[in-house]
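Chemist: Using the sequences plus the hints, can you model the full thing?
First to last, the protein sequences are chains A and B. Residue 61 in numbering that gives the first Met the number 0 sits at position 62 of the first sequence, and the numbers go up by one each step. Residue 85 in numbering that gives the first Met the number 0 sits at position 86 of the second sequence, and the numbers go up by one each step.
Simulated from the structure, these hints should not be mistaken for lab results. Just so you know, not all the hints are guaranteed correct.
Claimed, not checked - Calculated pairs, EDC-like style, for lysine to aspartate or glutamate (alpha carbon to alpha carbon, straight line, at most 16 Å):
1) A:K10 - A:E38
2) A:K10 - A:D22
3) B:K63 - A:E62
4) B:K63 - A:D25
5) A:K10 - A:E61
6) A:K10 - A:E62
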Amino acid sequence: MGTEQLTNRLKVLRAERGLTQADLADAAGVSRKTINTIENRVFVPSTVLALTLARVLGCTVEEIFALEGD
Amino acid sequence: MIGAATIERTRQVLLAVTGLACLAYAVLALAQNRPDPLWWWVPGAAGSVAALGILAVAQFAGPKAARQAMDEHYRALELRAAARTFWAGLLLAILAGVFSALGWFDPATLLAALGTAMAGCYLCLLVFMDVRAG
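Modeler: Encoded structure:
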């Protein structure tokens with residue numbers, strides 16, 4: 000417990016919907032830099048932002064984020 | 000069109016200038032061994048101009064862009080920069096104590112240098128982290 004790394008498919012899901020980082024950032028109400036750092040696994044978003052991203056992308060949070068190895 | 004990116008760039012430039020002004024003041028204070036190596040109000044004025052500049056750009060950009068520029072990632076960077084500055088401040092305070100005990104610098108000079116160095120350290124670190132985040 001506590002050592003798992005969070006992975007995400009944000010870049011793939013965003014690209015599938017034809018969105019740029021700036022488009023997604025605008026829709027989620029954050030900066031493009033935030034989206035970039037989440038995609039590069041530098042920044043772990045809050046639950047609120049994770050839920051917002053899921054809503055914007057029209058999928059569940061689990062489809063975007065997962066624990067490494069799951 | 001002024002957006003979140005414009006606010007971010009403005010903030011980076013103005014905070015970097017303020018941070019460098021504070022660091023320069025600290026270095027000059029130590030180099031000249033006096034608490035007012037140049038006009039004493041320069042660091043404060045730089046900070047005030049930066050605050051007004053950022054506020055003005057955010058006002059023009061609107062509330063949505065301002066919220067985007069000040070999102071949770073930026074707040075996390077602020078906390079990280081503050082945490083690292085805390086340790087840097089402790090180290091600087093220890094050094095200042097040693098310098099004072101050795102009689103190398105006047106206590107007023109050390110106080111001025113310590114205050115401006117800590118502010119400069121925080122601002123430069125924050126800008127560096129913000130720029131590096133892409």
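Chemist: Decide, hint by hint, whether the structure agrees.
Modeler: Evaluation of the provided hints:
Distance check on the hinted pair: A:K10 and A:E38 sit about 6 Å apart at the alpha-carbon level, within 16 Å; holds. The hinted pair formed by A:K10 and A:D22 meets the criterion: a straight-line CA distance of about 12 Å does not exceed 16 Å. With a C-alpha separation of about 28 Å, the suggested pairing of B:K63 with A:E62 is violated against the 16 Å cut-off. For the hint linking B:K63 to A:D25, the alpha-carbon distance of about 9 Å falls within 16 Å, and the restraint holds.
Restraint check: the Cα-Cα separation between A:K10 and A:E61 comes to about 14 Å, which is no more than 16 Å; the hinted pair holds. With a C-alpha separation of about 12 Å, the suggested pair A:K10 and A:E62 falls inside the 16 Å cut-off, and the hint holds.
When each numbered hint is compared with the structure, a violation occurs for hint 3 only.
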